[in-house]
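Engineer: Single-letter residue listing:
Number of protein chains: 2
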Amino acid sequence: MTVQERLSALRKLMRENGLSAYVVPGNDPHASEYMASHWCEMQWLSGFNGESGTMVVTPDKALLWTDSRYYLQAGIELKDSTIELMRESDIDCPKIIDWLADNVQGIVGVNPEMFSVNDFADWKEQVELKSIDLIKPLWIEGRPAIPQDKLYPYSADFAGETVESKLARMREQLAKKRADAQIISALDEIAWLLNIRGNDVEYNPVVISYVVLEADKCTLFVDARKVDSPAQNYLDFNNIDIQPYEAVFDYIRSLNGTILYDGARVNEALFEAIPEACKKINTKSPILIDKAKKNAVELEGERIAMRQDCAALTRFFKWLEEEAFSNDQRPALSRNAPLTEWSLMEKLHEFRLMGENFVEESFGTIAGYQGNGAIVHYAATRDNCAEVKPQGMLLLDSGGQYLDGTTDITRTVWLGGRIPQQAKLDYTYVLKGHIALQTARFPRGTRGNQLDALAKQYMWQAGITFGHGTGHGVGHFLGCHEGPQNVRTDNNPTALEVGHIISDEPGIYRTGLWGIRTENLITVIPAKQTKATTTEDEWLTFEPLTLCFYDTSLIDMSLMTEDEIDWLNAYHVRVYKETAPLLNADEAAYLAKKCAAIEI
Amino acid sequence: MTVQERLSALRKLMRENGLSAYVVPGNDPHASEYMASHWCEMQWLSGFNGESGTMVVTPDKALLWTDSRYYLQAGIELKDSTIELMRESDIDCPKIIDWLADNVQGIVGVNPEMFSVNDFADWKEQVELKSIDLIKPLWIEGRPAIPQDKLYPYSADFAGETVESKLARMREQLAKKRADAQIISALDEIAWLLNIRGNDVEYNPVVISYVVLEADKCTLFVDARKVDSPAQNYLDFNNIDIQPYEAVFDYIRSLNGTILYDGARVNEALFEAIPEACKKINTKSPILIDKAKKNAVELEGERIAMRQDCAALTRFFKWLEEEAFSNDQRPALSRNAPLTEWSLMEKLHEFRLMGENFVEESFGTIAGYQGNGAIVHYAATRDNCAEVKPQGMLLLDSGGQYLDGTTDITRTVWLGGRIPQQAKLDYTYVLKGHIALQTARFPRGTRGNQLDALAKQYMWQAGITFGHGTGHGVGHFLGCHEGPQNVRTDNNPTALEVGHIISDEPGIYRTGLWGIRTENLITVIPAKQTKATTTEDEWLTFEPLTLCFYDTSLIDMSLMTEDEIDWLNAYHVRVYKETAPLLNADEAAYLAKKCAAIEI
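Those protein sequences? They're chains R and P, same order as listed.
So the first sequence is numbered by my numbering: it starts at 17 and just counts up by one.
So the second sequence is numbered by my numbering: it starts at 17 and just counts up by one.
Okay, chain R solo, but in the shape it has when bound (with noise of 0.2 Å):
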């Protein structure tokens, strides 16, 4: 079918259902970041391959939102179909549901796997709303199964809890509650609550399933074929129950008593199963809240995997010092080609490949060379990226999923030729507010916004600031952003809590000349009573996580105070302290060179 054949059935199945508008947006069921390609329907509708955009198609009309990210590639894609671009981060764009509110008149059709239930909520307040699949009957051929990986257990040497402890103490929470059930969709929570890492989804070690969770049991729904004998055992073993994925719905349909959901990332159809007569509690899932809280043998683990971290990023800045720009010592695939932003991606991924425990990248890594660098959520690409030579700035976020722990790190660096002193001055404001966070000492109670300015304080100064936010929450061998913590402008009621782990990535985008970011991920630990203290408060600080030396050469020192330049040369010597054992005698003498002390 074409995407013109595709919205003409689409259309004929919303007349025979009633329906005056139908949205698909690029959701799956269970309010993943990244989704399996089984879930790609906005894809599959609108032949934009984009991975942010909401379709929404009426009797008359194809309308597709997405971001500033993708108006080009969009543009592209849509261009001989007849769906209109909706850019959305554009101030006069409406929103899709005030946009539905003024321009429907009749029912709107969505997929409830698709909206989360508190969002179902909210649009029904100006919309009248209808639970059904259009899209299931229409894209049967060419369709990508869920996929079918198998699941295999965490050990508790990696997880630092048994699967039986976090039960009981997730029950104890359900029964504090007097709730007889909660209902988990969230891939990360399943994966952390039983202790089981999958293949599923790209970036991000889960497995697609739904869980009950309830007093006497615990249920796994989850596809068959991704369970072989050992992980039978093991969930045998931990009293888990096995249905079929599907399964979820009637067994929800099954229960009784108090029901607990998350509605934030339960969605909608789970909800429409739960029994009229069942009591239910909308919170934030428990699981949530305790799988932000690291346990040593997590925090542990974190820090053996930036260890390697570090230890292919200092091969890789190496490389890129030494050999990248010598053609003869390019990798084959770019040898007599120019070097690129892509070939850096690649050569990064093979110093990471070279780690023990190293999984697959955390996030489809960042290399933003000079003006690119400026553009936030930029990704190169093998046929569309930029040729990178011996001058200018390079910006490089990256990050690997190890066995021991998630890593994500930016670090921008300059290549060769001279600085402009603004380089200097924003390589430095970031610094500065980058330093300024994670030096941060604060009482229990703070939350990640009331701290949100320390980062920004040197750069606000000079008139500049940054859109994204500062910092986010960061899992264990899990999602490289989750919650519910952070640091950014919003408010977020979430205090800040020994064991989270957040990032600390301050940054300044000059377009067309460079970006700026600097990137640790830092875990909140108690701070030590000092002796001067008025307060009975218990004090909080953070301990850098990530290991990597900054490119002191950016460094307008003039502008460091001495507590800054003690901070940083302490951290250096900890960079090399830790990182030196895993390399050969040459890259042990370049990280140390790296990572010299810096004075006034």
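Just so you know, these hints were derived from the structure itself, not from any lab.
You may find that some hints are simply not true.
Heads up, the list lumps identical chains together, so a pair's fine if it works in one copy or across two of them.
To be verified - The calculated DSS-like cross-link candidates involving lysine-lysine, where the alpha carbons are at most 27 Å apart (straight line), are:
#1 Lys28 x Lys182
#2 Lys192 x Lys77
#3 Lys296 x Lys440
#4 Lys609 x Lys28
#5 Lys28 x Lys593
#6 Lys334 x Lys405
#7 Lys140 x Lys300
#8 Lys146 x Lys593
#9 Lys111 x Lys300
#10 Lys192 x Lys111
#11 Lys140 x Lys296
#12 Lys111 x Lys193
#13 Lys166 x Lys111
#14 Lys296 x Lys192
#15 Lys440 x Lys610
#16 Lys547 x Lys440
#17 Lys140 x Lys295
#18 Lys544 x Lys440
#19 Lys300 x Lys544
#20 Lys300 x Lys405
#21 Lys140 x Lys192
#22 Lys593 x Lys609
#23 Lys547 x Lys233
#24 Lys296 x Lys193
Starting from the known structure of chain R, arrange chain P on it as the hints suggest.
Structural biologist: Using the frame of chain R, we list chain P on its own:
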């Protein structure tokens, strides 16, 4: 009647009306911070004379909730009564509404005039409420009348805008929200809207009244005795109708269409008078929002008032340093008696009285000597205050109501003797935070709570924090505390806007030793674009309004940055330049000495 007789009479009325409990909060019908004595129902019923508290009476219990400021006083004043003290600052003290929900079966009576619409609605979710005033029939003898002081027009020369212009603007706001009328009960909103002032409440030049604003009418509900002939002419000229104070209820009962009210400020009795048929909009008062953004004339008035205030403080500190401890130089009242916190308060009042356009204090002066400075809401009385000696720390928090504007300033000074190193550290952490906040630069849209950590970051590093807000909004010849903006730990969605005035007052409190607080009023102004800017954002910063030197003898110079010292020296140059013209030669010489440049 004795307290016991009052309670018995109240319980009789409760029985007659089928009530299981009756609640008497320490509120007035206008959500005022400072109340006329007519409304001190809680004090009358309980015999407790503290400024804050709530009485709950059941058939067999009488309880008084009050906070830690008043534990001592309440303990003494309730001693021979049957009233139980509920220490609401203690962690284990139940909230009043939770106590009611847990302990009272049946109906809880309250006077709806003493509850905001929002608080009433919140309570209603947990207990059955009945709106009924049982104090009015009991408290007849000796009840102070509602103040009958004259109201007076407040010249547009001070207010910077005519009533006509304000009414037109607020009517536009009503039209925009498709409302036909707004009910206004906050006294500062009424005073601002109609450019009137009065003497009905201590420290607040307001007029006890209500207003109903409509598209074609504006009605002021006020005791006729308050309106003399010039005031009547002024109101007539501005087409403001006058009706008796109590007539507001009948007037509201006669309204049609859509009624706008601010549920956080408008009382429940007014709300209950709105006809069923009316549509109701509960929203933050547009007057509150507009009043907070001072116009150029108001700000110029503030600057004039600040010079008067600085002259008063300069004379005060000069007297304190040069004369106060020499007996024959004392004011008559304290001669041959110890110099006390109370005598300092009286002396400061004398100096403020010399100021042009001074009307009254804007709140009760806090003079906290040594350990008393560590009690955040300390209020010395003539009979209960510490002797002040020429040694140790003095915290002085005071302010004035001038026709030109409202001031509020705290300075902490060292009176003599060797300065402990910790005192210097504390003073310097406070000063660095105080400077960091008022020199912040930030993009438009930033909320006060985003900036809070800037004022705390240095003391946090030492494990020190404080429990009060860092900054409150301030009115213009109106309340010393006003919203909607502030700088606090908790989230407040209000962004800082040009013309907002806030206080900048971090502090450190060491029980039994000293309290240190340093406070300026500062106003939000546009910041100049820098050449380095990367954004189209509008940038904001602060202008310090308050003028007065800091005690530089308390600064630990080793902690100060060059930028901070430059700022301090420039501020002191400005303080001298703006205030010296109001002083005699001796006073100016003293001020010059206090404002002398400091160096590392």
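Engineer: If a hint holds in the structure, say so; if it does not, say that too.
Structural biologist: Comparing the hints with the structure gives:
no., hint, in the structure
1, Lys28 x Lys182, "neither (49 Å within a copy, 57 Å between copies)"
2, Lys192 x Lys77, "neither (50 Å within a copy, 32 Å between copies)"
3, Lys296 x Lys440, "neither (56 Å within a copy, 57 Å between copies)"
4, Lys609 x Lys28, "neither (68 Å within a copy, 87 Å between copies)"
5, Lys28 x Lys593, "neither (67 Å within a copy, 80 Å between copies)"
6, Lys334 x Lys405, "within (15 Å within a copy, 68 Å between copies)"
7, Lys140 x Lys300, "both (21 Å within a copy, 26 Å between copies)"
8, Lys146 x Lys593, "neither (60 Å within a copy, 71 Å between copies)"
9, Lys111 x Lys300, "both (26 Å within a copy, 25 Å between copies)"
10, Lys192 x Lys111, "between (39 Å within a copy, 21 Å between copies)"
11, Lys140 x Lys296, "both (18 Å within a copy, 22 Å between copies)"
12, Lys111 x Lys193, "between (36 Å within a copy, 21 Å between copies)"
13, Lys166 x Lys111, "neither (40 Å within a copy, 53 Å between copies)"
14, Lys296 x Lys192, "within (15 Å within a copy, 39 Å between copies)"
15, Lys440 x Lys610, "within (17 Å within a copy, 40 Å between copies)"
16, Lys547 x Lys440, "between (38 Å within a copy, 15 Å between copies)"
17, Lys140 x Lys295, "both (21 Å within a copy, 22 Å between copies)"
18, Lys544 x Lys440, "between (35 Å within a copy, 22 Å between copies)"
19, Lys300 x Lys544, "neither (31 Å within a copy, 43 Å between copies)"
20, Lys300 x Lys405, "neither (48 Å within a copy, 57 Å between copies)"
21, Lys140 x Lys192, "between (31 Å within a copy, 25 Å between copies)"
22, Lys593 x Lys609, "within (13 Å within a copy, 54 Å between copies)"
23, Lys547 x Lys233, "neither (50 Å within a copy, 64 Å between copies)"
24, Lys296 x Lys193, "within (11 Å within a copy, 36 Å between copies)"
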